[in-house]
Structures are given as C-alpha cells and as structure tokens.
Amino acid sequence: MTKLPPAVDAHHLTVRFGRTTVLDNLTFSVAQGEVVAVIGPNGSGKTTLLQAILGLIPYQGMIRVFGQPVREALGKIGYVPQRFSFDRTFPLTVGEFLALSQVKPKHPGWREAVITEVNLTGGMHQRVGELSGGELQRLLIANALQGEPELLLLDEPTAGVDIAGERGFYDLVFHLHRSHQLTVVLVSHDLAAVARRATKIICLNRELVCFGPPAEAITPAILQQLYGSTAPPPHLH
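No gaps in the numbering here: position 106 of the sequence shown is 106 in the numbering used here, and each next residue is one more.
For the record, the hints were derived by calculation from the structure and aren't laboratory data.
For each label pair, taking beta carbons as the anchor points, the in silico distance ranges come out as: (1) 42 to 113: 32 to 40 Å; (2) 107 to 224: 44 to 52 Å; (3) 207 to 167: 27 to 35 Å; (4) 96 to 132: 16 to 24 Å; (5) 47 to 168: 17 to 25 Å; (6) 221 to 75: 35 to 43 Å; (7) 5 to 54: 13 to 21 Å; (8) 125 to 175: 21 to 29 Å.
We put the CB at the ideal spot given by N, CA and C, even for glycine.
Hey, can you work out the whole structure from these sequences and the hints?
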C-alpha cells in the first residue's frame, strides 16, 4: 500500500521581516485527514505560519503540501482569513459574492449545496451586508470550499463571534472535516474546543514549543511557556 504524503510538511521553516525573526526553525508534519490547531499568544507567528503555507510571504527552509511545492498545490487549499472587511451598504448577494471568486466549482449546483451545508438559511439571494458575524464566517467557509479543497486553513475564524456562535462554528468545521475528508489546520484561541477535537496541537511562540496530541501539548508547563504565569490562557474552561 502506497504511503500518502503529508498534507503539510515543513522543515527548518524560518520567516524574518527585516531583523525580526517571526518564525524560527520550525519542523513539523501534518498527516492527511488530521485536524491540527495552532495556539499561542498574540504575536507568536500563527498567522505568519498560515501565510507561509499559502506561499504568500518569503521564507527560508522547505514547505511541501501533499508532497508538492506550495505553488503547485494551491488548487488543493481552501483558506478562511481572520478578518474580512467590506462596505455593508454595498448591494451584494451571497451568490454574487461567491461568483467573484477566481475558483470555480467543478460540479453543477456545488455552490447551492455548500450554502445549505454551512447553514446559511437566507440562501443565495440574501444580502451579504445583512449577515451576522457568524453567518459571514460561514459564508467565507463556503467560499473556501468552492474549489473542493483537500486542505482547509482557518485563521482564528471565530474572531468577533460570540461564545454560542463559536461552539456552533467549531461543530461546523469538524462536520466538514468528516463529510469532505478534509485536512484542517486552524488557528484558535479556544483551548477547550481544540483540546476535545483536534488530533494534534502546534504550540507556537515564534519557535515550536510543542507539537503533538492535545494531552501532551496542553499541559500546565507548556501553557506557562506559551502564555506566561501572569495571566490565564484564553478560553480554557
């Protein structure tokens, strides 16, 4: 049986902006089908890591996505950004928003099916400006799924969403992971949610503090190393 290449394989990954080292010599491998959460304090390089995997910024070291250089694998990646700013008065519908994407669905009716799956009850004709914060995030997930990706990257997708909305959002992400057989890498501040459901945790503070199953990664010693002892880590309850 042929061994599948890792979904993400990084070796000695280093990112510098000027004289500042943002990511320092990271080596890790994400197997296909895993759900990997990236945790760490503000400024620890979490967003930078996703940008490097997407090939959006220069880096040293090596990254392979499904065994390919990043540029060759971009069609296999869906991405949900941390923030999406737009003019809410602009008369754009959900369907029109999805049609703006450079990625076109491979199958007829795919957009409608995905909108139903992410539970946007207003359908394709609802105005984007009328969506709540949680609904807007679900729209961004639907947009990321248009190309039927194999790897889904989410950068703090619940920022600006209330606690109830957060839990529903994580339920949706893990449902999509199963139903679409996705590999998922998500930046999260909700340690309780990822401890229950992620297969692996990347503990990041510019360098790789820990990479492993939740039981090994979310320990008092590791959390103190990440967040310090002056404040409790976010959302650990």
